[in-house]
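In order, the protein sequence lines correspond to chains A and B. The first sequence begins at 21 in my numbering and counts up by one. The second sequence begins at 5 in my numbering and counts up by one.
Keep in mind the hints are simulated off the structure, nothing from the lab. Check each hint, because a few of them may be wrong.
[To be verified] Chain B is faced by these chain A residues, among others (derived, beta-carbon under 7 angstroms):
{"no.": "1", "residue": "Trp31"}
{"no.": "2", "residue": "Ala81"}
{"no.": "3", "residue": "Glu83"}
{"no.": "4", "residue": "Gly84"}
{"no.": "5", "residue": "Trp86"}
{"no.": "6", "residue": "Tyr91"}
{"no.": "7", "residue": "Val94"}
{"no.": "8", "residue": "Gln192"}
{"no.": "9", "residue": "Val237"}
{"no.": "10", "residue": "Ala253"}
Idealized CB from N, CA, C, for every residue including glycine.
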Amino acid sequence: MLFNPLNLSLWRFPASLILGLLFIGILWLLFHYYRQKRICRFLTSPALAILSSILIALMLALEGIWGIDLYRTVPFIVLALLFMTSLGVTTIKRIYYNPRLGFLCNHVGLFLIVWGMFFGAPDYFQAHMVVYKNQKESIAYSENQQTIPLPYYISLDNFEVEYYDDMKTVRQYHSKLNIEDTIYDICVNKPAFHKGYHIYQSAYDRENENYVVLQVVRDPWLWVVYIGIVMLAIGSMLLIFKPL
Amino acid sequence: MITWTEFIWFGIASILFWIVGALLAIKKQTLGTIVYGIGVGIFMLYLILYTIGVERVPMRTMGETRLWYSFFLSSITLLLYLRWHYNFMLIFGAILSTVFTIINIAKPEIHTTTLMPALQSGWFIPHVTIYMIAYALVAIAQILAFIALCRKPHYLLVADNLIRIGSALILLGMLMGAVWAKQAWGNYWAWDAKENWAAVTWILYISYIHMRRYFPTKEKLAITLLTIAFIALQITWYGVNYMPAALKSLHTYTMN
C-alpha cells in the first residue's frame, strides 16, 4: 500500500501550480517570521541537507538495482518534500544573508529542477500515435490505452529509412510531417514542436515502411527545469574555475 | 588505415613510456616528465587515427570509453604533476592507465563501426568526454584520500579540490544528458537505472563536499562516504549492466 505508485491526475493544472507556489510561499514566510526559531535552525542545518540527500540517493539506488518505480510512492514523495524544504529554506536564508553568485546559481538551480519535476509531474503527458503514409491522424493512445485527441491533425507526407553500407543496419529514419500547413522534417534526436506538443520519431513499420509511430509529449513545466539546468551549468562552471 | 588490431602496438608503447617516465621522474624531473608526456602523446595519436579509421567518434562501447579513460588518467596526472610535483602522481597515472590499456588489449568489447540513431547527436561527444575526465579526476582523488588516511592528512585537501572539479564535471555531464534525453526520448529524466545511478553518484559526491565544508574534523567519515561514492560511480559506469534493472534500461548499447 505504502509503496503503490500514486495516481497524480487529481493534481493537474491549476492545482499543480497553486500547490507549487503555495509551497514556496510557505517556505518564505517560515523563514521570514521564524528565522531565529529552532525549526529554521533545524531546516537550514548542513546535517539535514546531507542526511536527506543521502536518503534520496539510497532510494534511487534501490530503484537502480531492481528497476522498481519508487519515485511515485508516498515515502519518496515525503523525502523529496523534506529535501526541497531543507534546500529551499537554506537558499532563502542565503538570499537574505551573504548572497554569493556561485552558491545561488547552484542552489536555486537545483531547487527549480526538483520543484519543477515534483509539482509539474501531474501535467506531464505522453502518448503514441500511428500515422500512415499520405494519411492524417489526430488520435493518440496513452500508456493505459486511453484515446487522447490532439487539437490538430498530423499527416505523414513522406517517410525514409537510411541504411549503413551493409544495407541492414539502420542509420536514421526521417518523417516529413504536415501539421496545419507547416512542414516538419523529424528524425530520431530531432523532434518537432507545434502548439505545446513535442512530436518525436519513435518507431516505424519495419516490414513495408507504410506507417510511423510518433511519440507526442506535453510538458508545460519544461522551461522551469531548463532555467534550473542553465543556472546549475553556470554554477558548476564557477566551481571548476574557482581558484585552488 | 588504423583499426583496433593496431591498438596493441600503440598500447604497449604508451605503457612503456608511462612507466619509464614515472620512474625516471623520481630522480630526473624534467626528463621523466617528457618521457611520460611522449606516452600520453602516443596514446592520443592512436585515438586520433582510430577515430579516422572507424569514421565515427569512438565513444560508444565499454572498450572505447576505457580508451578515453586511460587517456584522461594519464594526461590529467601529467597536468597535476606539473602543478604540484608529487612523485606518486605519475606513478598512479602510469599504473591506472596501464591497467585499463591491458584490459582493452585482453578484452576489447569493440567491434562495429555503426552508430544507432539515438546516439547521433551533438551532445554525444561532450557528454561522454566530460564524464570520462570527471571519472579520472575522482579516481585520483580517491587514491589521495586513502594516502591521507594512512599518513599524510594534507593530501586530503588536494583530494577535496579534485572532487570539487570532478563533481562539477559529473553534474555538467548529467545536465547535458538530460537535455539530450529530452531531444531523443521525450523526457529529461526517465527514472532509468543508469540515470538513477548517475544521480546517486553525484548526490554522494556533493554530500562529501558539504561534509568536508561543515564537518571538517570528521575525516574518516568523509573518506568512507567518498569510497561509497566511488563504488556508486563504478556501478553507474558498468555495474548497472549486471543489475536486474538493466533489463528495461534504455542505456545498454552494447547488447543488441
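Looking back at the hints listed earlier, which ones does the structure fail to meet? Failing hints, ascending: 1 and 7.
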